Amino acid sequence: MLMLEDIRSQFPALSAKVYGKPLVYLDNAATAQRPQSVADTWTELSLQGNANIHRAVHRLAVVATDAYEHTRDVVKEFLHAQAREEIVFTSGATAAVNLVASSFGEAFVHEGDEIVVTVAEHHSNIVPWQLLCERKKASLKVLDIRENGVLHPKDLEKLLSQRTKLVAISHISNVLGLVNPVQEMVAVCHKKGIPVLVDGAQGVVHGQVNVQEMDCDFYVFSGHKLYAATGTGVLYGKKKWLDAMPPYMGGGEMIHSVSFSGTTYAPLPMKFEAGTQNFNAVPTLVPAIEFAKSCRDSQAVQKEQEAILEYVYAFLSAHPLITLYGDVRECKIPLFSFSVKGAHHEDLALILDKMGVALRSGQMCAEPLMDRLGVTGLLRASFGPYNTLEEAEYFIKSLDKAIKMLL
Amino acid sequence: MTLEEKKQQIIEDFSLYDEWLDKYEYLIELGKSLEPFPEEKKTEDRLIKGCQSRVWLDSELRDSQLYFTADSDAIITKGIISLLIGVYSGRTPQEIAADDFGFVAAIGLKDNLSPTRANGLLSMIEKMKEIARNV
Numbered sequence: 000m001l002m003l004e005d006i007r008s009q010f011p012a013l014s015a016k017v018y019g020k021p022l023v024y025l026d027n028a029a030t031a032q033r034p035q036s037v038a039d040t041w042t043e044l045s046l047q048g049n050a051n052i053h054r055a056v057h058r059l060a061v062v063a064t065d066a067y068e069h070t071r072d073v074v075k076e077f078l079h080a081q082a083r084e085e086i087v088f089t090s091g092a093t094a095a096v097n098l099v100a101s102s103f104g105e106a107f108v109h110e111g112d113e114i115v116v117t118v119a120e121h122h123s124n125i126v127p128w129q130l131l132c133e134r135k136k137a138s139l140k141v142l143d144i145r146e147n148g149v150l151h152p153k154d155l156e157k158l159l160s161q162r163t164k165l166v167a168i169s170h171i172s173n174v175l176g177l178v179n180p181v182q183e184m185v186a187v188c189h190k191k192g193i194p195v196l197v198d199g200a201q202g203v204v205h206g207q208v209n210v211q212e213m214d215c216d217f218y219v220f221s222g223h224k225l226y227a228a229t230g231t232g233v234l235y236g237k238k239k240w241l242d243a244m245p246p247y248m249g250g251g252e253m254i255h256s257v258s259f260s261g262t263t264y265a266p267l268p269m270k271f272e273a274g275t276q277n278f279n280a281v282p283t284l285v286p287a288i289e290f291a292k293s294c295r296d297s298q299a300v301q302k303e304q305e306a307i308l309e310y311v312y313a314f315l316s317a318h319p320l321i322t323l324y325g326d327v328r329e330c331k332i333p334l335f336s337f338s339v340k341g342a343h344h345e346d347l348a349l350i351l352d353k354m355g356v357a358l359r360s361g362q363m364c365a366e367p368l369m370d371r372l373g374v375t376g377l378l379r380a381s382f383g384p385y386n387t388l389e390e391a392e393y394f395i396k397s398l399d400k401a402i403k404m405l406l
Numbered sequence: 000m001t002l003e004e005k006k007q008q009i010i011e012d013f014s015l016y017d018e019w020l021d022k023y024e025y026l027i028e029l030g031k032s033l034e035p036f037p038e039e040k041k042t043e044d045r046l047i048k049g050c051q052s053r054v055w056l057d058s059e060l061r062d063s064q065l066y067f068t069a070d071s072d073a074i075i076t077k078g079i080i081s082l083l084i085g086v087y088s089g090r091t092p093q094e095i096a097a098d099d100f101g102f103v104a105a106i107g108l109k110d111n112l113s114p115t116r117a118n119g120l121l122s123m124i125e126k127m128k129e130i131a132r133n134v
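Residue numbers (numbering that gives the first Met the number 0), protein chains in the order written: chain Y, 0 to 406; chain A, 0 to 134.
One should not assume that every hint holds.
Computed list of lysine-lysine pairs in DSS-like fashion (alpha-carbon distance at most 25 Å, straight line) [stated by the list, open to error]:
| hint | chain 1 | residue 1 | chain 2 | residue 2 |
| --- | --- | --- | --- | --- |
| 1 | Y | Lys237 | Y | Lys292 |
| 2 | Y | Lys400 | A | Lys22 |
| 3 | Y | Lys400 | A | Lys31 |
| 4 | Y | Lys353 | A | Lys22 |
| 5 | Y | Lys403 | A | Lys40 |
| 6 | Y | Lys191 | Y | Lys239 |
| 7 | A | Lys41 | Y | Lys340 |
| 8 | Y | Lys16 | A | Lys22 |
| 9 | A | Lys22 | Y | Lys396 |
| 10 | A | Lys31 | Y | Lys340 |
| 11 | A | Lys22 | Y | Lys340 |
| 12 | Y | Lys239 | Y | Lys75 |
| 13 | Y | Lys340 | A | Lys40 |
| 14 | Y | Lys20 | A | Lys22 |
| 15 | A | Lys40 | Y | Lys353 |
| 16 | Y | Lys403 | A | Lys31 |
Keep in mind that the hints were calculated from the coordinates and are not lab data.
The model shown is predicted, which means the values in this text are computed figures rather than measured ones.
If we strip away everything but chain A, and leave its shape as in the complex, we get (with noise of 0.2 Å):
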């Protein structure tokens, strides 16, 4: 599936969900149900500090695509890194570093982005961007 298709596929999932807490049960789900981080790799380095719930990011480069694992302490944050990790885990640098993440608005959260929160989902999207843009 290209970038697009995946991203179109996810505000489409997210479309059959009015209420608010159906969104957030599913997230939850998707929290639940991320890969598990190794507790060795939960570092100052791989730390990406909110004021609220705290974020780790790693990634990996191989065969010209890059990779990330994550993690939260907070569980819609988790879910939500599952659909980010989803999205762009296994595309090549230069795609991630020219997209513009705005379907995570799309799908309703952009509350959760907002530049003014300091939350560690925007802190992790930013880290996501450099990391692409510096490999």
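Just chain Y, same shape as in the assembly (with noise of 0.2 Å):
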């Protein structure tokens, strides 16, 4: 059985020191660590396996080829996908949000009509929306959380019309850490055929994703906070749409065949990945996926991080000075969004960043939501599958002594 210190063990990044004391890796929302296998993969192609993929008949580029279409087949069968054409290669979630704003709303999206997101969206799903609006003029909707911070698929149906050409949700809010109903979301949209694409940046690093079982049609998430190298991304589509969008780019890779009188297109999902991909880095997804599964399947990881959960949670959601945002036992993850009355955020960051513990302040690129809720900023303690309850309590001692110095 896979115990916590093998885990651990992988992660060189977890044993360093900082200002002399053991660093308290909390800030996984943001990053993931990188495991061994993770930076071997990476080594071993760039030293071993480097050579441009899809064109050359040499060895090497067969080499480079059969990785990074092998990891298009690893990340199908990860998010349960229908067929490896429907796994598109991207430098990050981001990027993913951006081809399907620019490519699909290009194709589908026209003056007048609507977009909804969500309040609790991180700006890399809202910016790409507003800015396609903008260019269509049409305009964005915005369905609001409830007072504990969840989303309602009651209230998502009346801010639903006939002009609503998609929906952009997260699986899981960088901030409030909930695991929202998105599979109810999808089905209420669909009802009225309106497409929905989920940004799964959280979402697919804290629990098991079926894209056919969710039934979004679109679903985008990094590499790089799933263990992976940063630069690497992907985008699930459905072939229907995927089909008939547009390309997005323009270049080498995704043409068929190029003639000044006409240009034809790569099939899927060549079409999508235009130009040099990040071959060296791609088939980094592999090993980190392998990884993700193992923490999943390992009773040990899978007992502390309910712990972490429950001895956080209940020292959160009972401290008189703290609040609480996204307050909701049950479809919690270990990541904990708070304010301390009293106390900056900022300077309970500075404070604990010297007792070690890396943990994240500000707005966390959710601007729109903070406004939401009230507040300039928050701190965020985000659990990765590596971290341990004794983490977990030394970071509540610290953060106890961080406030007790502040007021």
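Bring the two chains, given one by one in their own frames, into a single complex with the hints.
Structural data, given as structure tokens:
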């Protein structure tokens, strides 16, 4: 059985010291640490398997192409997609949202149409839609959260109209840490024939994703939050949509035949993969996904994660000076954004940093949500599968000490 | 005390603290003792907005010398503000404009001044220099 120590030992970063204290890394929602296997894959391909993919016939190109295309199969299985053509590699979740906003928007969004996002989205699932709406003279409708931070399918239903062309929602908000009822929300939209894009940047890390069950039309995520190399990402799109969408970027790889009298495009998924791809990095998704799966299958990890969630949730939700945002135990993941009465999030983050605890403070790329919550920023502790209950206890002890210093 | 002497004094004060948390405790104390900034002066035009903390800065020219008052919603930033005001308030605009504010790094607060961190503090220094250049 995979024990926590076995997992931690795969991450050299976790044994680092900062300011002479053991690093307690609780900024996993921003980016996860990399296991040795990911670094090894990267090194091996860079040094021994480096050749441009898909074109050349020489041996090295075959190795590189195989590694790249094998990754597509692994991602397809991981997301439970129907076909490998539905997996498009991008530079990250942001690039994937932009691809859909641009390409889907070009084909299907017209003047007077509407796009729906939620108030709890990350900027990367807001701004591409704003740009689209500006370009097309369409309008952006915003689905609000309820008081405790949850999204409700009924509220969404009311917001949809004849002119709604697409709904973009996060699987799990990077601030609230609540699993949204995505499947129900998709069902509500599909009843009216409206496609749904799900931002899975956090969701893919914290549970099994089955895009067929969810029935979403698009699902995007970033590799680096899932232990893979930076600059990798995935767009899952239903074949019917990807086929109907025009190319996003033009260049090599994405074409079938080029001529000045008319160019034809490559079939999926190459149609959306213009130019030289990130072929040394994309295959790091394979060991990364393997790691993610091994954590899900590990009872030791799951037990520890439950214990962390229970312990930190109990402390933060009961503390008289602390307001926990996204305070719904049933759909909570171990990601906690909170404020402390009388203590600024920046001060707390600076002090905790010097105690060895890496947290995020500020607006967390979700300014509209900060406005909605009536705060200028928050403090966020987000746990990964390699974090221990002991670290959670150290974090709480340090937080307590920092609060005492400030008040 | 000249500008150089004042800076030297602060660098010496800080050299007494080996531990980061002690430095912060000292800054927190300084922040708490900073002269209150009137609420009605916390206006948009005096606000220096950072990603993390907000800083309000006001200045006044009296007898060819610049006097600063400031506030922040974060107490450590407020402590650093208190240091900055202690050093630069009451100096001539020429002195302020010509200074490199390097002493902040010398007391180990460089992290708080990294230009990649969009906090209000670096913007405050920029603003103080800008005011000094434009009077």
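Hint check results:
no. : hint                   : in the structure
1   : Lys237/Y with Lys292/Y : holds, 24 Å
2   : Lys400/Y with Lys22/A  : holds, 15 Å
3   : Lys400/Y with Lys31/A  : holds, 18 Å
4   : Lys353/Y with Lys22/A  : holds, 11 Å
5   : Lys403/Y with Lys40/A  : violated, 30 Å
6   : Lys191/Y with Lys239/Y : holds, 17 Å
7   : Lys41/A with Lys340/Y  : holds, 21 Å
8   : Lys16/Y with Lys22/A   : holds, 20 Å
9   : Lys22/A with Lys396/Y  : holds, 20 Å
10  : Lys31/A with Lys340/Y  : holds, 16 Å
11  : Lys22/A with Lys340/Y  : holds, 23 Å
12  : Lys239/Y with Lys75/Y  : holds, 16 Å
13  : Lys340/Y with Lys40/A  : holds, 23 Å
14  : Lys20/Y with Lys22/A   : holds, 17 Å
15  : Lys40/A with Lys353/Y  : violated, 33 Å
16  : Lys403/Y with Lys31/A  : holds, 14 Å
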